[in-house]
Every structure is written in C-alpha cells, then in structure tokens.
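> Each chain, letter by letter, is given below.
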Amino acid sequence: MKPQSCVNINKEWDIVGARQVGRDMAKKLGFGTVDQARIATAISELARNIYLYADSGQICFEVIENMQQQGICMTAIDTGPGIEDISQVMQDGYTTSGGLGAGLPGVKRLMDEFDLKSEEGKGTKIKAVKWLR
Amino acid sequence: MDEKFKKIVIENSDTIVQMWMEEVNSLKNINYTATISDELFESTNREFVNVIFSSITNRGTSNSVEVFSEKIINLGWPLSYITDGLQVFRRVTADYILTQSEKVDSNHFSNILKSVDLWVEPLIRQLVNEYSGSWEHIVSLQRVALQELSAPLIPVMDKITIMPLIGTIDTERAKLIMENLLEGVIKHNSEVVLMDITGVPVVDTMVAHHIIQAAEAVRLIGSTCILVGIRPEIAQTIVNLGIDLGKFPTKSSLKKGFTSALEITNRKVVDLESKEASIEKMIDSLQGE
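Residue numbers (full-length UniProt numbering), protein chains in the order written: chain A, 1 to 133; chain B, 1 to 289.
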C-alpha cells in the first residue's frame with residue numbers, strides 16, 4: 001500500500017488544490033482522460049460539500065490494490081453537522097443550499113464504489129473508489 | 001551587561017562571522033537547492049552578516065534590512081534562509097560570548113541569551129515581515145490581474161457575442177460571469193451569446209448550476225445562450241452527474257456554435273470569388289484587346 005496524501009479543505013480554492021492532487025494521482029496510475037475528468041469532478045463535489053456544509057475537513061487519496069486491479073480511493077472526512085437522512089441526500093434534486101442537488105448521487109454514479117457514513121452533530125465520512133480498467 | 005556583550009561581539013566580529021559562515025555553508029547542502037552558485041551564496045552571506053552587524057551596532061531600523069530582504073525575494077530564495085541564518089547567528093554568538101566569559105553561572109548564562117535575543121529578534125521580525133509582505137503584495141496583484149481576465153465578453157459581429165471561459169470557476173467568478181454576460185448582452189444588443197467552456201477543466205454541479213442560471217437569465221432578457229466547447233469527457237461527466245442541460249442549445253465546438261448563431265440571426269458565411277480566377281479573367285480580357 002502506498003502512503004496516502006491528504007488535502008485540507010478550508011477555503012474555496014482548496015477545492016482546486018484537492019482536484020489537482022487527485023488528477024495527478026489518477027494520471028500517474030494510468031487512468032484515461034474520461035476517468036480523470038470523472039475523478040476530478042467527484043473530488044470537486046466532495047470538497048465543495050465540505051466547504052459548503054462543514055466549513056473545514058480533509059480529503060485523503062490513496063492508491064489501492066486487490067488481486068486483479070489497481071484503483072484510487074478517496075476519503076472525505078469532516079466534523080460538520082452530519083447528515084440527518086442519508087436516503088434523502090442520495091436522491092437526485094434534493095438540496096439544502098439552492099444548488100442542483102446532484103452532487104452526492106452524482107459522485108456515486110461517477111465512481112465504482114461509494115460509502116457514506118454520517119453521524120448527526122459529529123461529522124461525515126465518505127469513501128469513494130474508482131478502479132483502473 | 002548588554003553593552004559589555006556587545007563590545008565582545010563587535011571586537012571579535014571576524015571570528016563570529018567565520019563561525020557563522022561555516023555553519024550556514026553546512027546548511028546549504030541540506031536545505032537549499034544546489035542550483036545556487038557558491039560565489040552568489042558566499043556574497044549574499046557576507047551581505048547578510050553585514051546587515052546583522054549593522055543592525056546590532058545601530059540598534060535602529062536601517063535601510064539595508066529592506067534592501068537585503070528585497071534582494072532575497074528577487075533571488076527567489078526561501079524564507080528559511082533568513083530564519084536559519086539568524087538562528088545560527090543567535091547560537092554562534094551566544095556560544096562565543098560564553099567561551100569569552102570567565103565565570104559562568106546560570107544567571108550569567110541567561111543574561112547572555114537575553115542580550116542576543118534582543119539583538120536578533122527585531123531583525124527576524126523585520127525581515128520576515130518584509131518578505132511575507134512582499135509576497136502578499138504579489139498575490140494581491142495577481143488576484144487583480146486574474147479578476148480582470150476572468151469573464152471577458154467579445155462582440156465578434158453584429159448581434160453575436162462570445163464569452164470564452166478559461167480556468168476554474170469559483171463562486172466569485174460565477175457572479176462576474178453572470179453580471180458581465182447580462183450587461184454585455186444589453187450593451188452590444190446581442191441576439192446570441194456563445195459561452196465557450198473549452199478551457200474549463202472541471203464542470204461539477206456548482207459550475208453547471210451557474211451556467212444554467214446564466215443561460216436562463218440571458219433567455220429572460222430576450223437573447224439566446226449557446227453553450228459551446230463541451231469536450232467528450234466533460235459531456236460524460238455531466239451525464240453521470242445527472243445534470244439537465246436540455247433547456248438551451250449546446251454545441252461541441254465554437255465553430256459549430258458560431259454557424260448556428262449565424263443561422264439564428266438569418267445570416268451565412270459566403271466564400272468570395274477566388275482571387276486567382278478574377279486575375280485570370282482580367283488577363284483574358286487584356287489579351288482580348
């Protein structure tokens with residue numbers, strides 16, 4: 001397992017920083033341009049959620065391997081207000097900030113694996129994996 | 001007490017400079033890139049140590065500190081060069097005064113440290129402030145420069161306007177885009193606005209949301225907004241995200257968008273009769289005479 005690199009999200013421009021790190025990592029692993037764009041967009045969504053709802057948090061990137069393939073795993077962690085109803089936020093069009101409400105369900109569709117854990121008042125942890133085909 | 005130490009330091013400045021130089025040189029290999037030539041490093045070190053000594057003897061702020069920090073910035077050397085250098089100076093000087101003292105007890109020792117700190121601290125503060133202040137100045141200038149080129153609007157021809165977008169779109173810029181777009185449409189009396197996103201690296205829900213809002217606002221004031229420059233990978237991510245861009249026309253390239261803008265404004269591009277043919281015709285008519 002390769003060491004992970006983390007990006008702190010405090011300002012809006014940190015989203016760009018996180019995207020850059022993720023994109024570089026994806027490029028090095030050999031992802032194609034389409035998957036690179038998918039990964040960068042997913043990072044953008046996760047980072048923006050941290051910035052919008054939790055004020056500050058962290059996104060960590062990791063190269064993961066199983067028997068057949070390599071992949072990139074990103075974990076977004078924050079200590080924000082948490083999510084009350086997870087099934088609700090995974091619905092298309094649900095938003096509390098006047099946006100499109102496509103962020104989290106979109107990330108799930110962009111990535112291969114998606115895992116959301118949240119505790120109200122304590123924070124949210126989202127893990128998303130994209131495998132190299 | 002302080003004056004006594006100062007006297008020791010100034011009288012033995014050569015030895016202290018020598019010791020300082022050795023220490024700083026050994027730091028060079030660890031901390032800084034090897035691209036700095038030895039002569040430049042040596043001469044800058046000399047200047048640095050002169051600045052330190054002149055600040056100790058004068059006790060006041062001097063112009064040389066400013067000049068020196070500016071030089072370091074222009075050379076592009078890291079801030080750690082300054083802080084390391086002063087840290088080494090503090091250590092070396094304290095050591096040297098200790099070796100020169102006859103009786104050493106804890107009181108004496110703390111006096112030495114206090115004096116040396118008093119000399120070095122204002123210098124650290126001033127140099128670091130100068131250095132970071134100059135960086136902040138550069139950053140703020142760049143921010144202004146970026147803002148100036150963040151949402152340009154180009155009236156290419158009567159009734160057709162283009163807004164090329166390059167680089168990341170954040171909330172601030174999204175607001176500017178909307179304002180410039182609407183202002184420009186009214187000002188240039190445009191019927192069609194082409195928004196080109198070829199240079200936007202990532203289109204996430206936030207960016208898409210702002211584009212949709214801008215296009216809707218343009219529609220409200222009676223013009224058409226065509227989104228152009230959608231790269232294949234961006235198209236795929238937009239579909240994956242489930243964003244509906246069906247409310248306004250989109251095109252893959254600026255060229256295609258421009259063609260349909262011409263159609264909307266009832267115009268088309270016509271090739272002129274080629275030059276060669278007309279010249280040949282002229283020659284023919286001349287020969288006929």
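Keep in mind the hints are simulated off the structure, nothing from the lab. Nothing here was measured: the structure is a model prediction, and the numbers come from that model. Glycine residues also receive a C-beta, built at the ideal position from the N, C-alpha and C atoms. Incorrect hints may have been included.
[Claimed, not checked] Below, a list of computed lysine-lysine pairs in the DSSO-like style, where the Cα atoms sit at most 27 Å apart:
#1 K255(B) / K11(A)
#2 K247(B) / K108(A)
#3 K187(B) / K255(B)
#4 K6(B) / K103(B)
#5 K255(B) / K281(B)
[Stated by the list, open to error] Facing chain A, a subset of chain B residues (Cβ under 8 Å, in silico):
#6 S134
#7 T198
#8 V202
#9 T205
#10 A208
#11 Q213
#12 E233
#13 Q236
#14 L241
[As the list claims (entries may be wrong)] If you anchor each label on the Cβ, the simulated ranges turn out as follows:
#15 K247(B) / P81(A): 57 to 67 Å
#16 V270(B) / S87(A): 52 to 62 Å
#17 Y94(A) / L176(B): 21 to 31 Å
#18 P81(A) / N266(B): 24 to 34 Å
#19 Y94(A) / I138(B): 15 to 25 Å
#20 S87(A) / K268(B): 25 to 35 Å
#21 T79(A) / I166(B): 31 to 41 Å
#22 Q213(B) / S87(A): 57 to 67 Å
> Each hint: holds or not?
Here is how each hint holds up against the structure:
1. K255(B) / K11(A): violated, 37 Å
2. K247(B) / K108(A): Distance of about 25 Å is within 27 Å: holds.
3. K187(B) / K255(B): holds, 24 Å
4. K6(B) / K103(B): holds, 18 Å
5. K255(B) / K281(B): With a Cα-Cα distance of about 34 Å, the restraint between K255(B) and K281(B) is violated, given a limit of 27 Å.
6. S134: violated, 21 Å
7. T198: violated, 14 Å
8. V202: holds, 5 Å
9. T205: Constraint on T205(B) satisfied, holds at 5 Å.
10. A208: holds, 7 Å
11. Q213: Because about 10 Å separates Q213(B) from the closest Cβ in chain A, which is outside the 8 Å limit, the hint is violated.
12. E233: holds, 4 Å
13. Q236: Holds - the Cβ of Q236(B) comes within 8 Å of chain A, reaching about 5 Å at its closest.
14. L241: holds, 4 Å
15. K247(B) / P81(A): 57 to 67 Å: Since K247(B) and P81(A) have Cβ atoms about 33 Å apart, the given range 57 to 67 Å is violated.
16. V270(B) / S87(A): 52 to 62 Å: Between V270(B) and S87(A), where Cβ atoms are some 59 Å apart, the hint holds.
17. Y94(A) / L176(B): 21 to 31 Å: Cβ of Y94(A) to Cβ of L176(B): about 29 Å, so the range 21 to 31 Å holds.
18. P81(A) / N266(B): 24 to 34 Å: Since the Cβ atoms of P81(A) and N266(B) sit about 55 Å apart, the hinted range of 24 to 34 Å is violated.
19. Y94(A) / I138(B): 15 to 25 Å: violated, 43 Å
20. S87(A) / K268(B): 25 to 35 Å: violated, 53 Å
21. T79(A) / I166(B): 31 to 41 Å: holds, 36 Å
22. Q213(B) / S87(A): 57 to 67 Å: violated, 28 Å
Checked against the numbered hints above, the structure breaks hints 1, 5, 6, 7, 11, 15, 18, 19, 20, 22 and satisfies the rest.
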